[in-house]
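Participant: Residues per chain, in single letters:
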Amino acid sequence: MSKPKPKIKKEAVVMPKQDPKERGGNFDEVALGYTEEQVVAEAERCLECVKAPCVEGCPVEVDIPALIQLIRERKFDEAIRKVKEKNSLPAICGRVCPQETQCQASCTMGKVGDPISVGRLERFVADWERKRGYEVPQQSASTGKRVAIVGAGPAGLTAAADLAKLGHEAVIFEALHKPGGVLIYGIPEFRLPKKIVEAEAEYIEKLGVTIKVNAMIGKLYTINELLEQFDAVFIGSGAGLPRFMRIPGENLCGVYSANEFLIRVNLMKAYDFPRAATPVFVGEKVAVIGGGNTAMDSARCALRLGAKEVKIVYRRSRQEMPVRAEEVENAEEEGIALEFLTNPTKFIGNDRGWVKAMECIKMRLGEPDASGRRRPIPIEGSEFTRDVDTVIMAIGRTPNPIIQQTTKGLEVTKWGTIVVDENGKTSIEGVYAGGDIVTGQATVISAMGAGKKAAKAIHQHLTKKK
Amino acid sequence: MYKIVTRRELVPHINLFEFSAKEIAAKTKPGQFVILRIDEDGERIPLTVASVDVGKGTITVVCHEVGKSTKQLGNLKQGDCILDLLGPLGKPAEIGKLGTVLCVGGGVMVAPLHFQVRAFHEAGNKVIGIIGAKSESQLIFEDEMREVCDDLYVATDDGTRGYKGLDFLKELLKERKIDRVVVMGPVVTMKTVSELTRPHGIPTIVNLIPIMVDGMGMCGACRVTVGGKTMFACVDGPDFDGHQVDFEELMARMKMFTPQEKLAFVFQEEGGRRL
Ligand SMILES: Cc1cc2nc3c(=O)[nH]c(=O)nc-3n(C[C@H](O)[C@H](O)[C@H](O)COP(=O)(O)OP(=O)(O)OC[C@H]3O[C@@H](n4cnc5c(N)ncnc54)[C@H](O)[C@@H]3O)c2cc1C
Ligand SMILES: Cc1cc2nc3c(=O)[nH]c(=O)nc-3n(C[C@H](O)[C@H](O)[C@H](O)COP(=O)(O)OP(=O)(O)OC[C@H]3O[C@@H](n4cnc5c(N)ncnc54)[C@H](O)[C@@H]3O)c2cc1C
Ligand code: SF4
Ligand code: SF4
Ligand code: FES
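Top to bottom, those sequences are chains A and B.
Going by the working numbering, the letters in the first sequence line up with residues 1 to 466, in that order.
Going by the working numbering, the letters in the second sequence line up with residues 1001 to 1275, in that order.
Calculated directly from the structure, the hints in this document are not laboratory data.
These numbers were taken from a predicted model, which means no experiment stands behind them.
Where a beta carbon is used, it is the ideal one built from N, C-alpha and C, also for glycine.
Any given hint might turn out to be false.
[Claimed, not checked] Restraint-style ranges between C-beta atoms, simulated for each label pair:
| # | chain 1 | residue 1 | chain 2 | residue 2 | range |
| --- | --- | --- | --- | --- | --- |
| 1 | A | 385 | B | 1003 | 47 to 57 Å |
| 2 | B | 1146 | A | 195 | 53 to 63 Å |
| 3 | A | 383 | B | 1163 | 44 to 54 Å |
| 4 | A | 133 | B | 1265 | 50 to 60 Å |
| 5 | B | 1040 | A | 133 | 39 to 49 Å |
| 6 | A | 409 | B | 1091 | 17 to 27 Å |
| 7 | A | 113 | B | 1265 | 53 to 63 Å |
[To be verified] Computed list of lysine-lysine pairs in DSS-like fashion (alpha-carbon distance at most 27 Å, straight line):
| # | chain 1 | residue 1 | chain 2 | residue 2 |
| --- | --- | --- | --- | --- |
| 8 | B | 1091 | A | 212 |
| 9 | A | 178 | B | 1071 |
| 10 | A | 356 | B | 1262 |
| 11 | A | 346 | B | 1027 |
| 12 | A | 311 | B | 1255 |
| 13 | B | 1255 | A | 212 |
| 14 | B | 1229 | A | 346 |
| 15 | B | 1091 | A | 414 |
| 16 | B | 1071 | A | 285 |
| 17 | A | 269 | B | 1027 |
| 18 | A | 212 | B | 1027 |
| 19 | A | 178 | B | 1229 |
| 20 | A | 145 | A | 111 |
| 21 | A | 178 | B | 1077 |
| 22 | A | 408 | B | 1027 |
| 23 | B | 1027 | A | 178 |
| 24 | B | 1170 | A | 178 |
| 25 | B | 1029 | A | 408 |
| 26 | B | 1091 | A | 408 |
| 27 | A | 212 | B | 1022 |
| 28 | A | 269 | B | 1262 |
| 29 | B | 1003 | B | 1027 |
| 30 | B | 1255 | A | 408 |
| 31 | A | 86 | A | 165 |
| 32 | A | 414 | B | 1229 |
[Unchecked claim] Some chain B residues well away from chain A (every beta-carbon gap over 10 Å; in silico):
| # | residue |
| --- | --- |
| 33 | 1003 |
| 34 | 1044 |
| 35 | 1080 |
| 36 | 1085 |
| 37 | 1100 |
| 38 | 1147 |
| 39 | 1153 |
| 40 | 1154 |
Isolated chain A, as found in the complex (with noise of 0.2 Å):
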């Protein structure tokens, strides 16, 4: 019996959200997720192509086919056996994967309509299975090789949680209080709910990997004397050095880089303050200087701690603005200004060293640079002063430099990047690295697929090596 061919429907079932109004007064998620029947009208929209394009935009390559016919035929565990075999971390990446620039950019249905919402689908089966309690995979026997991690961002901890599929014994060592790295310190609540960080962190201990917070390398033990105990270390440090623009008033009060206003707001967890005892200040006047990511989630957090008014003053065009589409849209909606083409020459403070006002200049577009987005130039003479009492610099991080400081042999690039070989080896014997301090500033999941390369590279090297 053949099945009637189903008519194509272009649109995207809708996720329900937050309504815009109410959401900027409060931090719980936005983006409510599919219910069991939008879960499977979207996976009704597949095309089920034989190639399969989605799969390779995806930097883990989720079997994105299979998940859709099993979450077709509601069989929501296999479905999410099936994610977890190439993604430990699905309710994140459900969550933050810019998918429009990866599995959903090449899908053959968004040539005729919206792509699947394969973000949305892998969210839905995990959350399936967070409510429902983790299964935890079978091991494979202890091979009695340890190997150290730096970091739990999601480089380390996709690492340590294949190497402990692989029967390695995995310790991640992590500078912070909490597992997670960006993911914790970084990405705001009503974004990506601290819960699910931890639940996913949790599952990770659950394979049998230690996490050991409180513990900075380079300061309590250097790669060298890790390698004394471990027989392999992965370095996913990360990139959290913010960067600011050396202009004048910079350091006045009132002016923060992005990451210390969102490691106060979520890691610290200031929104609940003075429960918690951390406190941050958010003014009436607000500029976030930057287009990214970062900038977005600045700005959408000190609008719900009572900002009247948010700017986000972005040097180049809505085009080249490195963020995920849906941030953007969401801002938007809860009121947030977006201004572009414009830069900060310099801030300007009050008698007691408080920043009152700043002053921007104009930018145009001119010829693409090395980044391939077009490279802004100020207009001269369209300097103009605005009124401000908080800006948020969130123009960029660089890598983490403490374990380049304190590594002997390790081969760095002048930017402070971490060189490494195609399978994540550095210059030292027994060390690899991935994620942001080997790439720069990237992507949850690149990191993740830097994690997993490395892994298996370290097992090779582990299982040759007699």
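Following the hints, complete the assembly by docking chain B with the ligands onto the known chain A.
Facilitator: Okay, now just chain B with the ligands, sitting in the frame of chain A:
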């Protein structure tokens, strides 16, 4: 969890805590600090290490109760535990054989200064110590300092003990040949001493304690201007050349959260009810 193996009140509102922290103790050098968190809702509190006992696996800090979090720490007892302890952080103090070293400590920071003084003493320097406090009743670590200083001077803001204020330093700097000055204490003290040593051209190291959050170079809350350049005190310091530091900016930045901190303090005193 990290256990408090000793808690002792030195003077009212200044307490000494010895924590069991074997790995940290083995690595900490004078001038370095730790960051601790009392509980799940706790702030990250930076404190400079005042001594270590590698054999016993402990580190000691001395903390002045100035606000919500330090008061909460002050309320803990021997045998209690704190949730998080991270360290050692910051660069160690530069200790070497320099000749005569003048070490000036103010308030609670006399305790961690003592850790350095001992090291300078053991490195074969002649050490002149100055310890100060608001008032006689607030002076700490006098005996410990006397043990490792060749000469020790005492000063108080109100003159209840020793010299009144730091004016006597002017004479001292004229009379003695000093190769290095180290100052730990309130910002005003560091600023005053740096101004006094500047005309003599004596290298003066100040130990800066701006507001910090992570203490590992990721937030920039601790940024200070030194010689016109922005530095992160937690990773580039905490020791800097006192003649190059922009103290005005530092003082303004250290008051950044004062209104919020007062609110937190009241909240705590009210028993943690929602305001
Ligand atoms: C605000 C913000 C929003 C973002 N939004 C998105 C998004 O929506 N989608 C997306 O795909 N990407 C997003 N990104 C980027 C993404 O989070 C990063 O690319 C990714 O987290 C990198 O992973 P990582 O494991 O390499 O490093 P990190 O996540 O930075 O983790 C590194 C970990 O190492 C620890 N560490 C550092 N030094 C040491 C040391 N010496 N010893 C021990 N531990 C150490 C750090 O504390 C940290 O926990 C965002 C980034 C930010 C800042
Ligand atoms: C590297 C470093 C080392 C330190 N070492 C010691 C030490 O050995 N012993 C000790 O008692 N204190 C030390 N401090 C200061 C201590 O960390 C603060 O007093 C404490 O964090 C204040 O917390 P609180 O909530 O109790 O007070 P808050 O309510 O936060 O502040 C109360 C008052 O203290 C001021 N203050 C806030 N943060 C700091 C800070 N980081 N430094 C100085 N003043 C501050 C505020 O301006 C306010 O007036 C150190 C600070 C740093 C950065
Ligand atoms: S490319 Fe799109 S339509 Fe084709 S299999 Fe993948 S998800 Fe389905
Ligand atoms: S991991 Fe990310 S890129 Fe890969 S399929 Fe899932 S949402 Fe898409
Ligand atoms: S305290 Fe965060 S960078 Fe120094």
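Participant: Compare the structure with each hint and give your call.
Facilitator: Here is how each hint holds up against the structure:
1. 385(A) / 1003(B): 47 to 57 Å: holds, 55 Å
2. 1146(B) / 195(A): 53 to 63 Å: Holds, since residue 1146(B) and residue 195(A) (Cβ atoms, about 54 Å apart) stay within the stated range.
3. 383(A) / 1163(B): 44 to 54 Å: Holds: the Cβ-Cβ distance is about 53 Å, inside 44 to 54 Å.
4. 133(A) / 1265(B): 50 to 60 Å: violated, 42 Å
5. 1040(B) / 133(A): 39 to 49 Å: Given about 24 Å between the Cβ atoms, the range is violated.
6. 409(A) / 1091(B): 17 to 27 Å: holds, 21 Å
7. 113(A) / 1265(B): 53 to 63 Å: holds, 58 Å
8. 1091(B) / 212(A): holds, 23 Å
9. 178(A) / 1071(B): OK: residue 178(A) and residue 1071(B) at ~24 Å, within 27 Å.
10. 356(A) / 1262(B): Within the cut-off at roughly 23 Å; holds.
11. 346(A) / 1027(B): violated, 42 Å
12. 311(A) / 1255(B): Holds, at about 26 Å.
13. 1255(B) / 212(A): violated, 34 Å
14. 1229(B) / 346(A): Satisfied, since the Cα-Cα distance of roughly 16 Å is no more than 27 Å.
15. 1091(B) / 414(A): With Cα atoms ~23 Å apart, residue 1091(B) and residue 414(A) stay inside 27 Å; holds.
16. 1071(B) / 285(A): This hinted pair is violated, its Cα atoms lying about 34 Å apart.
17. 269(A) / 1027(B): violated, 31 Å
18. 212(A) / 1027(B): holds, 17 Å
19. 178(A) / 1229(B): violated, 32 Å
20. 145(A) / 111(A): violated, 48 Å
21. 178(A) / 1077(B): Between residue 178(A) and residue 1077(B) the Cα gap is close to 26 Å, so the pair holds against 27 Å.
22. 408(A) / 1027(B): Holds - the C-alpha atoms of residue 1027(B) and residue 408(A) are around 18 Å apart, at most 27 Å.
23. 1027(B) / 178(A): Holds - the C-alpha atoms of residue 178(A) and residue 1027(B) are around 22 Å apart, at most 27 Å.
24. 1170(B) / 178(A): Between residue 1170(B) and residue 178(A) the Cα gap is close to 49 Å, so the pair fails against 27 Å, i.e. violated.
25. 1029(B) / 408(A): Satisfied, since the Cα-Cα distance of roughly 21 Å is no more than 27 Å.
26. 1091(B) / 408(A): holds, 18 Å
27. 212(A) / 1022(B): Holds. Residue 212(A) to residue 1022(B) sits at ~14 Å (cutoff 27 Å).
28. 269(A) / 1262(B): holds, 18 Å
29. 1003(B) / 1027(B): The given pair, whose Cα atoms are some 18 Å apart, holds under the 27 Å limit.
30. 1255(B) / 408(A): Since the Cα atoms of residue 1255(B) and residue 408(A) sit roughly 40 Å apart, the hinted pair is violated (cutoff 27 Å).
31. 86(A) / 165(A): holds, 12 Å
32. 414(A) / 1229(B): The given pair, whose Cα atoms are some 20 Å apart, holds under the 27 Å limit.
33. 1003: holds, 14 Å
34. 1044: Not fine: 7 Å to the nearest Cβ puts residue 1044(B) too close to chain A.
35. 1080: Non-interface label stands for residue 1080(B): nearest chain A Cβ at 17 Å, farther than 10 Å.
36. 1085: violated, 6 Å
37. 1100: holds, 31 Å
38. 1147: Correct as stated: the minimum Cβ-Cβ distance to chain A is 29 Å, above 10 Å.
39. 1153: holds, 34 Å
40. 1154: Holds: least Cβ distance 34 Å, greater than 10 Å.
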